[in-house]
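*Asks:* Please arrange chain G on chain X, whose structure you already have, making use of the hints.
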Amino acid sequence: MKKTVLIITMSAFFSLAYLLAGNIALEAAKPAESKGAAARRESCVTCHSDFAPVLPKGHPAAAGKDIGACTTCHQPDVSGKAAPNAFSARLHRDHEGKTDCALCHTWVHDKSFGLMGQKLSWGKPSKEDMDLLKKVSVSWATSTYIDAEHGKKNVTCMGCHGKVLPVEGDSVENSRCLDCHGPMDQLANKSEPKDFKDRNPHKSHLGDIACTVCHKSHTESNVYCLGCHRTFQMKIPGGPKQ
Amino acid sequence: MKKRERKGESGHDLKATESTMISTLVSRRSVLKGAIGLGVLASTGGLAMNLASPGSAGAAVRQLPKKWGEVIDVVIIGSGFAGLAAAAMAEGQGAKVVILEKMPTYGGNSIINGGAMNSWDDEYHLRKKLNLGDDSWELFKQDTLKGGDFYNYPELVEIMVKNAPDALDWLMDEGGVKVRNTLPRMGGHSAYRTFMAVEGVGRGITEPLKRIAEKRGAKIRLGTQVSWIWRKDADSPVLGVEVIKNKKKSNIKIERALVLASGGFSRDVKMRMTFNPSLVPEYNCTNQPGATGEMIRYAQAIGAEAIQLAFIQLYPCAEPETGVLDTPAVYPYTGTGYGLIYVNKTGKRFVSELERRDVVSNTQIKSGSKPTYSIFSEQIIQKLAVPKEEIEKGMAKGRIWKTDTIGELAGKLGIPADALQETIKRHNEFIEGGKDLDFNKPITKNMLPIVNGPFYAIAQWPSIHHCMGGLRINTSAQVIDIWGKTIPRLYAAGEVCGGVQGSNRLGGNATTDCVVFGRIAGTNAGKEKPVA
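Chains as they are written, first to last, in this note's numbering: chain X, 1 to 242; chain G, 1001 to 1532.
Quick caveat, the hints were computed from the structure, so don't treat them as lab data. Glycine included, every Cβ here is placed at the ideal spot set by N, Cα and C. Incorrect hints may have been included.
As the list claims (entries may be wrong) - To be clear about the criterion: a stretch of chain G counts as covered by chain X if any three or more of its residues have a C-beta under 8 Å from a C-beta of chain X, and this derived list gives those stretches:
#, segment
1, 1106-1118
2, 1387-1398
What the hints assert, rightly or not - The following residues of chain G were derived to be distant from chain X, with all beta-carbon distances above 12 Å:
#, residue
3, Q1142
4, E1199
5, E1319
6, G1414
7, T1523
The shape of chain G in the complex, shown without the other chains:
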């Protein structure tokens, strides 16, 4: 209540502003109800708000289609983890499912992600087998909330963590997903819980998901862009979508439900700068070119609430020149739990390697020179269960340096040898003593001192990576409108949603988020009663 009495920055009385806002919202609602309708406008009058994209042919009034080109039970937009999982589950409910993918290839960001998925347990109990301590859904939830600065919606986080083992088991049982014999502990996590696909890349999970979905009958249409979501008014369900394929527009009537699984907007410079002006075009981006967020806009245009859009994450360890998250760019992140360290050009550490992604990224940028480096030893690679060929490939491309001595490594990186030797020695002592006196990193017994060669280094630099914000959903993956009500027959899952990851997503949580909520969205979408 105190806040309401405070004067705003512009000197306006906030209380007065708030009441004006409420009346504006109310009148907007009545307009919204008519504006998307079928010429209802003429009778309601007062064209105060127009949600169609300005300048488009339908800007004045978007007439509902008189004829539909085809009818589909469940339409899913996007073919990444969330879309594929949703497709599989909706087909499981006996619905005919079509996935619309605007890009000419399937998989979105998922197929190029690091292939990491967090879970506090699995059917084979890998953590116990590797003797890596305890974990629980409560701890996983707590870490996720803390990592997201408690901006996360706790009920959504709880759904994600509780369902993680089931989702992972399903991927392994029905999809045949294989995981490496390692369980890294990554930044922001207080337990060893990151499962890694043997392929070392998200394709090791998208391919099995695609197999499950297609085996059950789902169809993927590539090069098919959605250009509008049809809804009659603020009470009506979603009726269908307008699509563009080969420059031709057509309309699909939806019998059961629409699932948005279209990902984030990291690749849309204008959109990301709208919500976070500091993310200037000069930043690199780890995402595929299709991550442009227009589905969030279309959902907003039919009344959906979008939340926390300013929270956009940098991946701290991307390839410095192009910002790509290639295979070597995964080790700096998965190696931290085993004692891998980060150093800057002066050969000194600059952050706790177990810090969250936002903290690591920001300290790198502030450390003054690009790039920074991960330093590790052969022993750490063995702990990560990385195949030898993978390392050799990285070396051939100049992504990984390997030397017999620390001095030689410093020479290759062009950093002072004595400083690097001193840093490593000091960090080894921290591991020995169980306490990081410089950055207070939580030292565990699984961390290895860097003593025996060969020694390795990888260059790294932050790159725009993940949009934590997006559409507001409930625990059933239904999209919530600006009035707090569900939009009938509209579901969303994965990066297109907000509220699950809070202000900062922990590494390995996106895959869990996508598969868990994709499954929920798909199940519920498939269960919807067909339109009479």
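This is chain X alone, in the form it adopts within the complex:
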């Protein structure tokens, strides 16, 4: 019994080391084919011997061993549009925190972040950026904040952040939020309280303020009004649990 556990542990350890090695090898990717690239070539079939069970109903059969099986039809989005991307969202939601990014993605420190078999790049993340990106992506897939709300509605990183992956401290401009949630007047109408019409968070007496003052995507949102108006009854999606 002990032996089996040991073997499983060992093999798990080696596969992990293998994946990690892939990650490192990328930076020094001089040989004809890096170990990471080799891993990526088999990345999907390692778990999915048959794609059929994970495809949506009515989806044509998919063939291939890696992400190329998908991208032949689902071309990667480099438009940076503020629009949902059901394919990308679903693929990421189901893998976030469970598999390594490097199974599909290529990354060279401070140079590029792309997708295997593709020449595109979504920015130039550093090691620190990548660490943060992984953390934030898991939050996007699983948190109780509004990043996960966006995730459920198939809005991926670029839906808010545009063409290039965000780095620490980036925030989202109001215009971007309003592309989907606007126009502002309509939003204000929706949030108008029945009892006191001027206690409308989207018509603040502080004038035009950034959406992100209250709506935090990867952390808890908070109603800024309550900083002074302690007795107001106001709730916010992704806010503190009542």
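*Replies:* Okay, now just chain G, sitting in the frame of chain X:
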């Protein structure tokens, strides 16, 4: 001289103590000169005084930045009235200006203030038009000094009052500020001189100021906190600031000058209790959460003098539960000149409604039960030129009670009807007779008896509001150091400064203070010759 010979409370000979203090100060000066420098320490030796915040990485020695992230002509800290006015004027001098605001929204306390600004005249001569008697800069100065118990620096008060009409005209001409067709007389003032923005709130002045500043080219950076002011030694000018944005530190080199317009510290319980231990955490506060005073500390750490920090004012008429100064909380203060009265739970008056803020606040607290009430009539509202919708909104929120009879009003407030009726009747007689026999309120012909309904009431209670003390400045808004010398390239304006308002600020004086000194600070900062 007599004072020096007196024995101190602890029994020490004060004269001896004083001489020890002087020698300590001298040695501190020599240390100060080295301590902030670039490793000069090693050669001067003797690390007796360390001004960096204890426990921080730079506590031992704060090395001047070797590299600057960027270079800016004039940096202004704070985006309220003073900061915005300074930005506009510095840009007017051809300087590139950046305002650093630590909060995620602009405007500080200014954007939520009552929208009131005092001036003894304006280009349209509103006081004369409304037939509200005389005023002059001398009278305005005298009131301000008297209201501040003569703790004010008279030369600073004189600058404020003399420049008030110019500042107001500028706001109206270039900013498009609109004022209500009323000119209240508020507590401590002997003239009708409080101009009210039509919006009924400070935003009616911050928005125009922001427009002027931005139109001239100033940039506002929100969410940007200053964490240090760079100065080499006690003779050097201010060199730059350390800022934190998105948790990342960087350094800005300043080419012309730094203007501190960062406001007071009413929201920092520890700091306010350091200077006035009676201001316990249980007190409410009218201020925005960012009013925490750390810029005063950073300025002190580079040698600036801070004065009169114990003088912290309560606003007598805030919303009782949360301490917010909402729109209805302004009427109890602006209505006093037109005959509005204050009563307590027993239905009796307890103070002259034209008393200063500190007196009104203290008598309320001592009157024994919370809250107290303002009582007024429809006629008084008309005098204040308050829009009908504003009153209706206040009523809907339960902030304003309106009834047809005094008896009903007393019922709503839960106070004895006969007592309230008697109080109002008596006060009406005082107005008629021209003399307040109970509290000696100066009765004027503009005060209206409360006779015809509908009648109104608003609940009120003191809330911590304004820090009169702060950095010492001269009439050019230059910050003065502990040796009485100016700190080169450092200016300050508004609530962050001390000495303008004395021990107690009169209502409506903060806006005037901020705009007048903000303009002076900005002009002089912009005029500084760029660092070679």
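*Asks:* If a hint holds in the structure, say so; if it does not, say that too.
*Replies:* Structure-based check of all given hints:
1. Remark: the segment 1106-1118 of chain G is confirmed as covered by chain X, as 4 of its residues place a Cβ nearer than 8 Å to a Cβ of that chain, reaching the required three.
2. As drawn, the segment 1387-1398 of chain G meets chain X at 3 residues by the rule of a beta-carbon pair under 8 Å; at three or more, the given contact holds.
3. Listed as a non-interface residue, Q1142(G) keeps its Cβ farther than 12 Å from every Cβ of chain X; the least gap is roughly 35 Å.
4. At the 12 Å boundary, the C-beta of E1199(G) falls inside the reach of chain X, the nearest C-beta of that chain being 9 Å off.
5. Its closest Cβ contact with chain X, about 9 Å, brings E1319(G) to no more than 12 Å, contrary to its assignment away from the interface.
6. With a minimum CB-CB distance of about 20 Å to chain X, G1414(G) clears the 12 Å threshold, and the non-interface call stands.
7. The Cβ of T1523(G) sits about 26 Å from the closest Cβ of chain X, beyond the 12 Å cut-off, so the non-interface label holds.
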